[in-house]
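Residue-level listing of the chains:
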Amino acid sequence: MRILATYNGKGGVGKTAAAVNLAYLSALRGGRTLLWDLDPQGAATYYFRIRARVKGGAKKLLKKGADPAAWVRGTDYPGLDLLPADFSYRHLDLLLGGGDPGRRLRRSIGPLAPRYDDLFLDCPPSVSAVSEAVLRVADALLVPVIPTTLSVRTLDQVLDLRAACGAHGVSVLPFFSMVDRRKKLHREILADLPRRMPDMLRTWIPYASAVERMGVYREPVHRFAPRSRAAVAFGALWAEVAERTEGDPPGD
Amino acid sequence: MDPIPRAFVRPDGLEPDAVVRALERVGPVRRSPPGVEARVVLDTFDGRLHRRGEVLEAVSGPPGERLAWHGPGGEPLGSLPAPAPRFATDLPAGPFRERLEALTGVRALLPVVRLETRVERFAVLDGEGKTVCRVGWEDHAAAAPEGGPPVPLSPRLRVVPVRGYPKPFGRVLARLRELGGLGDDGRDEVGEALDALGVRPGAYTSKVRVALERGLTADEAVRRVLLHLLGAMEANVPGTRGAWDTEFLHDFRVAVRRTRAALGQLRGVLPADEVARYRPEFAWLGQVTGPARDLDVYRLGLPGFRAALPPDLRDALEPFDRLLADRQAAAYREVDRALGSRRFQRLVTGWRAFLEAPAEPGPGAPRAGTAVEDLARRRIVKAHRRVLREGAAIGPDSPADAFHELRKSCKKLRYLLEFFQGLFDPGGVGRLVKDLKGLQDNLGAFQDLEVQATALVGFADALAGDGPARTQLALGVLVEHLRRRQAEVRDAFGRRFDRFAGRVTRKRLEAVLRGPEG
Ligand SMILES: Nc1ncnc2c1ncn2[C@@H]1O[C@H](COP(=O)(O)OP(=O)(O)OP(=O)(O)O)[C@@H](O)[C@H]1O
Ligand SMILES: [Mg+2]
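Residue numbers (our numbering), protein chains in the order written: chain C, 1 to 252; chain W, 253 to 770.
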């Protein structure tokens, strides 16, 4: 099982949009895919019209010996399942932190490995024990970066965090998100940053109304606007991510 | 545990509208327009999916072509927008292909049965518009893979749970049951189609499975074994002639080789003059099919060859592959001619008639009346001794031929164990075969590398005139690589052999042969 996390300490950069659309594409390409919505706000869960509730809460879900599959729900799309968000996830820091922060999360994820090819973790915007645990279990972090000076700084913070918690096994794969080519600054950063950041993915996601409309239709963009620029861009992004993480030694 | 999908047999007189009304008592219903799907169930010749209770089908319907793969409980194992592949490797890279490839290996996916399904789908929704249960109104007809008239099957009402929503599923079942008359025949339309057409995927296995009892005469037992092997040859003829995949020819050859080993190892059981008439015929079969198998092996090894080359030389093997492909096609034409010949026909019919004819004691068959277990014991002990003797004589400087001879002796022992396994404790025989296999794998690898290296040199000569220099270079690198691997394999031989010749395996053999009453 390959574990991919959408992460950035900054909010509103397109983590959830990426997690939902890429997970959908992974399933569409024949992967048995699970998306775990780790954000208590439950945006990803909402997009799938699923109730943001985990019976017994995060505590029961993460308990030793628990099998998260018991809380999994099938989405409307073949091959794609969701582990919903829950309000209790706001305490995830306490539950996952302490000692080796990756250990408990890894233990919880364990039983899922034989059942899924891809596990997506949609992370809340924070720099916390949750992020640290995710960094330690994931094979790759997909980091959306809006091409503004401030956002680029948060990318450096991701790299710092990786170094600080010694999560050397995880590849950091940043990609540009919400790109507006009419803006000079966007164009400049689009040209400059990849030079400094060779691991940067080549595909970028344009600022596009189709992504915003996901909230109206409550579906991945491919379902209601398969030919939109955003859908095409997510398609290319998934192809690139799949290639870059292929043969990534699955950590089990 | 998730509830499993149900495929009820629909009663006469039930109308779709009545079903919709029943479903609406659970939640809002979204109804999709009816459509027709053409479905082809796929499996390997030896039924690798069927044996696991899995179903892989290529579906073409209104949204396009897709592959759908389900587990024994109907649980989804994957879905992929792609037409029916011939091999798993024809699929786009990704987890679906990887999982399928792990199962099917080099075997082709052949059509098992065709279904035509007219379906109308109903999705039961919750208050958010989320699908919580799926229902299908389905009419099916089945046909054999090669075509033929469709056989109508039972009309069905399929109820598919959505993971994590067991309650709506239960409610849907309850409402539908209230309509009355739903039948459960313990299968779905695929199972029904297989039954209706008399298709049994996986009926073929390359393993030797012959029922033998102690006390049987050697004559009767050996005829049974040989009939089984003849059946295996015949089963593989169409796939070999059509080159459906490389395993057909391989299994065909194994059955021929086993037959020849039986005739050589079990002398004095069948009338000598009859055997003497057939032995050259089986030798002929081995020989006419040899070149095609060798070329299969080279081409199957090509990905490994490529990986052994430095990246900038990998594409240099293209002319080599083309040469192999040409020769392979020519070799398969030879095989096709041989298996379509009168000579082969006569061999098969004559041999079958001979094996099925009642045994007549004669001077050419002094051991015909021996109890089979005595014969088996004696032959196995002899073959085992021979392996030990030949292996012990092999030293660091032994020629490749010595390994080749030992390999042949190992095969004979292996075949004897397999022929007669029914007479002995199956677990014990299984462990022995496993011990032997460790040694055989080593010897097989050594021999393959020897043959490949020699052949590559030959191919390099064949390409010398018009092949690009890079191809020559690549072949040179490969030969060197093969020789290095061969040296490693030879180094490992000593350990492998010592383990097989050791006390544990010897005791195991003794225990097996002594048998339960011993
Ligand atoms: N490429 C895009 N074009 C236009 N709007 C976008 C794009 N990507 C995301 N959005 C919109 O921006 C908002 C934030 O996006 P999203 O929820 O994906 O970000 P996030 O990083 O997950 O946010 P949070 O930190 O709150 O979890 C959403 O309203 C979404 O519709
Ligand atoms: Mg989010």
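Treat the hints with care, since some could be wrong.
With a cut-off of at most 25 Å between alpha-carbon atoms, the simulated DSS-like pairs for lysine-lysine come out as follows [what the hints assert, rightly or not]:
| id | chain 1 | residue 1 | chain 2 | residue 2 |
| --- | --- | --- | --- | --- |
| 1 | W | K634 | W | K689 |
| 2 | W | K660 | W | K419 |
| 3 | W | K660 | W | K459 |
| 4 | W | K419 | C | K60 |
| 5 | W | K419 | C | K55 |
| 6 | W | K689 | W | K663 |
Computed far set for chain C versus chain W, every beta-carbon distance over 12 Å [what the hints assert, rightly or not]:
| id | residue |
| --- | --- |
| 7 | K64 |
| 8 | D93 |
| 9 | D100 |
| 10 | D117 |
| 11 | D118 |
| 12 | P125 |
| 13 | R153 |
| 14 | A164 |
| 15 | T203 |
These are calculated hints, taken from the structure and not from any lab test.
Just so you know, even glycine gets a beta-carbon here, dropped at the ideal spot from N, CA and C.
Hint check:
no. : hint            : in the structure
1   : W:K634 - W:K689 : 18 Å, holds
2   : W:K660 - W:K419 : 63 Å, violated
3   : W:K660 - W:K459 : 19 Å, holds
4   : W:K419 - C:K60  : 21 Å, holds
5   : W:K419 - C:K55  : 15 Å, holds
6   : W:K689 - W:K663 : 9 Å, holds
7   : K64             : 21 Å, holds
8   : D93             : 26 Å, holds
9   : D100            : 29 Å, holds
10  : D117            : 4 Å, violated
11  : D118            : 7 Å, violated
12  : P125            : 25 Å, holds
13  : R153            : 36 Å, holds
14  : A164            : 33 Å, holds
15  : T203            : 18 Å, holds
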